[in-house]
Amino acid sequence: MESELVSGSLSYNKEVVNTTSLEKIFNQHLPYYLAMGMSADEYWNGSNDLVIAYRKADKEKRKRKNVESWVNGMYTYLAILDNVPILRPFSKAKEPTPYLKEPLPIYKETKEEKIEKAKNKYNNVLSKMFKFKEIHNSKYE
Amino acid sequence: MAKCLNFNFEGKDYTLEFNKTTVATMERQGFNLQEVDTKPMLTLPKLFQGAFMMHHSSIRNEKIDKIYDSMGNKTELISKLAEMYQDTVATLMDESENEEGNIQWKVNW
Chain A
0 MESELVSGSL SYNKEVVNTT SLEKIFNQHL PYYLAMGMSA DEYWNGSNDL VIAYRKADKE
60 KRKRKNVESW VNGMYTYLAI LDNVPILRPF SKAKEPTPYL KEPLPIYKET KEEKIEKAKN
120 KYNNVLSKMF KFKEIHNSKY E
Chain B
0 MAKCLNFNFE GKDYTLEFNK TTVATMERQG FNLQEVDTKP MLTLPKLFQG AFMMHHSSIR
60 NEKIDKIYDS MGNKTELISK LAEMYQDTVA TLMDESENEE GNIQWKVNW
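Protein sequence lines, in the order shown, are assigned to chains A and B. Heads up, the first sequence is in numbering that gives the first Met the number 0, so the first residue is 0 and it goes up one at a time. Heads up, the second sequence is in numbering that gives the first Met the number 0, so the first residue is 0 and it goes up one at a time.
Because the hints were derived from the structure by calculation, they are not lab data. Careful: at least some of the hints might be erroneous.
Only pairs whose alpha carbons sit at most 30 Å apart, straight line, appear in this in silico DSSO-like list of lysine-lysine [claimed, not checked]:
1. A:LYS130 with A:LYS100
2. B:LYS65 with B:LYS38
3. B:LYS62 with B:LYS79
4. A:LYS138 with A:LYS127
5. B:LYS2 with B:LYS62
6. A:LYS127 with A:LYS91
7. A:LYS23 with B:LYS38
8. B:LYS11 with B:LYS73
9. A:LYS118 with A:LYS130
10. B:LYS2 with A:LYS55
11. A:LYS55 with B:LYS38
12. A:LYS107 with A:LYS91
13. A:LYS23 with B:LYS79
14. B:LYS2 with A:LYS58
15. B:LYS79 with A:LYS55
16. B:LYS2 with A:LYS23
17. B:LYS73 with B:LYS45
18. A:LYS58 with A:LYS23
19. B:LYS79 with B:LYS105
20. A:LYS60 with B:LYS2
21. B:LYS11 with B:LYS79
22. A:LYS23 with B:LYS45
Sequences and hints are given; from them, build the entire structure.
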């Protein structure tokens, strides 16, 4: 018998596909992984572990999207809260509470950032005290 | 890490592995892992040959037969190849099945 090469042809025949079991399972799962961003080449010809990595990556993506939606909801909630003073009936407030000056912190502050923040707060209070002193002293001049 | 089998034969390194394309090709060529118990003499050489498709598709069957004859511990070899073959579909299963909290079961055979 003439020796033959190992690789056979992989022409796509629908009738043949329907009669094979594992190939049918592979085809059934293909759209799921394509939707995750996996290419058809990676799915069919890549390492078997790649599908596991794609599933884990998809899980992380969903978690991140969930957190982003939650933060977005938090900003909406705070914006509505800021407007409550002027929305209440018989309220004397003429303006809403100012919106957040900076984004909500999503990372823990470093030691240096904490020190810088405390310094700024101290300097703000000090400058207000000096201003008050000037105003107060000017009354007696 | 993907399951593969490495060895050296006549100065050349070989890697045996299965992917979905090679498994589909083997099925089209008539291979059925379920028949390994009823038709071992037909099934086992095909399983071994199929493992070359992914990384050594141009190798000839005669060379594969020669390599197979030289391999030691054939029982373990075939068991590992079967595991690698089944891994192509096993990896499609959700890993949450392996998480803690699930009932641990065992068979008595």
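Against the structure, the hints:
1. For the hint pairing LYS130 of chain A with LYS100 of chain A, the CA-to-CA distance comes to about 23 Å; that is within 30 Å, so the pair holds.
2. The straight-line distance between the Cα atoms of LYS65 of chain B and LYS38 of chain B is roughly 21 Å, inside the 30 Å bound, and the hint therefore holds.
3. Restraint check for LYS62 of chain B and LYS79 of chain B: the C-alpha separation of about 21 Å stays at or below 30 Å, so the hint holds.
4. A threshold of 30 Å between alpha carbons decides the hint, and for LYS138 of chain A with LYS127 of chain A the separation of about 17 Å falls inside it, so the pair holds.
5. Using a Cα cut-off of 30 Å, the hinted pair LYS2 of chain B and LYS62 of chain B holds, with the two alpha carbons roughly 23 Å apart.
6. Between LYS127 of chain A and LYS91 of chain A the alpha-carbon distance is near 27 Å, which keeps this suggested pair within the 30 Å criterion.
7. A distance of roughly 24 Å separates the Cα atoms of LYS23 of chain A and LYS38 of chain B; the hinted pair therefore holds under the 30 Å criterion.
8. For the given pair, LYS11 of chain B sits about 20 Å from LYS73 of chain B by alpha-carbon distance, which is consistent with the 30 Å threshold.
9. Distance check on the hinted pair: LYS118 of chain A and LYS130 of chain A sit about 18 Å apart at the alpha-carbon level, within 30 Å; holds.
10. With a CA separation close to 19 Å, the supplied pair LYS2 of chain B and LYS55 of chain A stays within the 30 Å bound.
11. For the given pair, LYS55 of chain A sits about 39 Å from LYS38 of chain B by alpha-carbon distance, which is inconsistent with the 30 Å threshold.
12. As the CA atoms of LYS107 of chain A and LYS91 of chain A are separated by approximately 38 Å, the hinted pair breaks the 30 Å bound.
13. Of the pairs offered as hints, the one joining LYS23 of chain A and LYS79 of chain B holds, with about 24 Å between alpha carbons and a cut-off of 30 Å not exceeded.
14. Using a Cα cut-off of 30 Å, the hinted pair LYS2 of chain B and LYS58 of chain A holds, with the two alpha carbons roughly 24 Å apart.
15. Among the hinted pairs, LYS79 of chain B with LYS55 of chain A is consistent with the structure: their alpha-carbon atoms are about 26 Å apart, no more than 30 Å.
16. Of the pairs offered as hints, the one joining LYS2 of chain B and LYS23 of chain A holds, with about 22 Å between alpha carbons and a cut-off of 30 Å not exceeded.
17. Distance restraint check for LYS73 of chain B and LYS45 of chain B: the Cα-Cα separation of roughly 14 Å lies within the 30 Å cut-off, and the hinted pair is therefore satisfied.
18. Simply put, LYS58 of chain A and LYS23 of chain A have alpha-carbon atoms about 25 Å apart, close enough for the 30 Å limit, and the pair holds.
19. Restraint check for LYS79 of chain B and LYS105 of chain B: satisfied, since their Cα atoms lie roughly 21 Å apart, inside the 30 Å limit.
20. For the hint linking LYS60 of chain A to LYS2 of chain B, the alpha-carbon distance of about 27 Å falls within 30 Å, and the restraint holds.
21. At roughly 21 Å between alpha-carbon atoms, LYS11 of chain B and LYS79 of chain B fall within 30 Å of each other, so this suggested pair holds.
22. Straight-line distance between C-alpha atoms of LYS23 of chain A and LYS45 of chain B comes to about 21 Å, which keeps the hinted pair within the 30 Å bound.
Consistency with the previously given hints fails for numbers 11 and 12, ordered from lowest to highest.
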